[in-house]
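Single-letter residue listing:
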Amino acid sequence: GQQLNQSPQSMFIQEGEDVSMNCTSSSIFNTWLWYKQDPGEGPVLLIALYKAGELTSNGRLTAQFGITRKDSFLNISASIPSDVGIYFCAGFLSNYQLIWGAGTKLIIKP
Amino acid sequence: SQTIHQWPATLVQPVGSPLSLECTVEGTSNPNLYWYRQAAGRGLQLLFYSVGIGQISSEVPQNLSASRPQDRQFILSSKKLLLSDSGFYLCAWTSQGKAFFGQGTRLTVV
Numbered sequence: 008g009q010q011l012n013q014s015p016q017s018m019f020i021q022e023g024e025d026v027s028m029n030c031t032s033s034s035i036f037n038t039w040l041w042y043k044q045d046p047g048e049g050p051v052l053l054i055a056l057y058k059a060g061e062l063t064s065n066g067r068l069t070a071q072f073g074i075t076r077k078d079s080f081l082n083i084s085a086s087i088p089s090d091v092g093i094y095f096c097a098g099f100l101s102n103y104q105l106i107w108g109a110g111t112k113l114i115i116k117p
Numbered sequence: 199s200q201t202i203h204q205w206p207a208t209l210v211q212p213v214g215s216p217l218s219l220e221c222t223v224e225g226t227s228n229p230n231l232y233w234y235r236q237a238a239g240r241g242l243q244l245l246f247y248s249v250g251i252g253q254i255s256s257e258v259p260q261n262l263s264a265s266r267p268q269d270r271q272f273i274l275s276s277k278k279l280l281l282s283d284s285g286f287y288l289c290a291w292t293s294q295g296k297a298f299f300g301q302g303t304r305l306t307v308v
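These protein sequence lines map, in sequence, to chains P and C.
Residue numbering for the first sequence follows our numbering, beginning at 8 and increasing consecutively.
Residue numbering for the second sequence follows our numbering, beginning at 199 and increasing consecutively.
It should be emphasised that the hints constitute simulated quantities derived from the structure, not laboratory data.
Heads up, the beta-carbon is just placed ideally off N, CA and C, and yes, glycines get one too.
Misleading hints may appear alongside valid ones.
Unchecked claim - Covered by chain C, per the in silico footprint, the following chain P stretches (three or more residues, Cβ under 8 Å): (1) 45 to 56; (2) 104 to 117.
Stated by the list, open to error - BS3-like cross-link-like pairs, simulated, lysine-lysine; straight-line CA separation at most 27 Å: (3) P:K77 with P:K112; (4) C:K296 with P:K77; (5) C:K296 with P:K58; (6) P:K58 with P:K77; (7) P:K112 with C:K296.
Next up, chain C with everything else stripped away, as it sits in the complex (with noise of 0.2 Å):
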């Protein structure tokens, strides 16, 4: 079956401090994979997606860069966090018409 694993659970970062949060699919190749951002209470926030590697997508001009150095791979960072960065990421994977999310992860800049 497949899985999808994203890490850190949470994270709090000083300002000026670079960001590397990463995610992972198992039991499926070549996915569509996405990195969207959640403000507390409020809708997703499509950041990128890649529909293989070395393929990177943005949506959103923003302090964050994306990279897919291996198929299941997708890898979401900032050189220097800004306090607006702060928020809830989450990683998902799409297959055959259906959308599979990682746990998330909180992220706090102070």
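Isolated chain P, as found in the complex (with noise of 0.2 Å):
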């Protein structure tokens, strides 16, 4: 099915720095969402954004929805070790079509 091209796949960082991911799409999207997915758990909306070119925070989190309609970012700063999972951006094509990046993997260096 089609899915939304999200990047990096995986980031190795150290506690404290900043994380940077984000999602394209060739389709344009009324609504980007992103999560955060604990080992064993369901995902969690962090942040959900609405209009092109809103940016939103989250404490240390945020996003911005772009202003073609096809991307958006999510920053973490001053990272820390709970910040550790995998973190997806989704968006509605319709008002029950829901498409999903693959995952980004977020690895805090020891």
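Hey, can you piece these two chains together into the complex? The hints should help.
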């Protein structure tokens, strides 16, 4: 099925570093969502974006809805050990058709 | 507030045995419901979605089936499990441009 292009696939970072990941698509989306999944758990919604150009923060997390409505990025500032996990982007093509990225695995170097 | 319940959390089943995973949503009516499967460290694969009672759409031909006998109940079934059915199964519902997940079921077919 259709999938968003999410990059990078994985990231190895030092604690305290900033993190950036993004998703792109050839289709226009009306909504962009960012999720975090911990091992053995369901994904949890971090940020929802509904307008082109919208910039939204949730604590150390910041996400933006691209002007073209075909992309979005998620930034994490000053990473901490509990940020480890898999981050997914998702977008609604219609009111029920939800398309997902393949995920970005965040690993913090000891 | 809306909540989603998915059970069991873990399941070990022999090859050839039947399967029934149940998901219920509370606090909302006529939700769009979804079943996803996730291989270890991988992305979300949409299996089925439903926009109403008795309405099931299948994304991937496979050994599984889904049913929606009530508005807020979504069931994933199999008559005979295969080894390849092992994985992490997630139920989700969407509302107002957001998706919410259950805690997931870890299925191991032996």
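Consistency of the hints with the structure:
1. 45 to 56: holds (count 7)
2. 104 to 117: holds (count 6)
3. P:K77 with P:K112: Holds - the C-alpha atoms of K112 of chain P and K77 of chain P are around 22 Å apart, at most 27 Å.
4. C:K296 with P:K77: Status holds; Cα separation ~18 Å.
5. C:K296 with P:K58: Holds - the C-alpha atoms of K58 of chain P and K296 of chain C are around 14 Å apart, at most 27 Å.
6. P:K58 with P:K77: 12 Å, holds
7. P:K112 with C:K296: 22 Å, holds
Every hint, counting from the list given before, is met by this structure.
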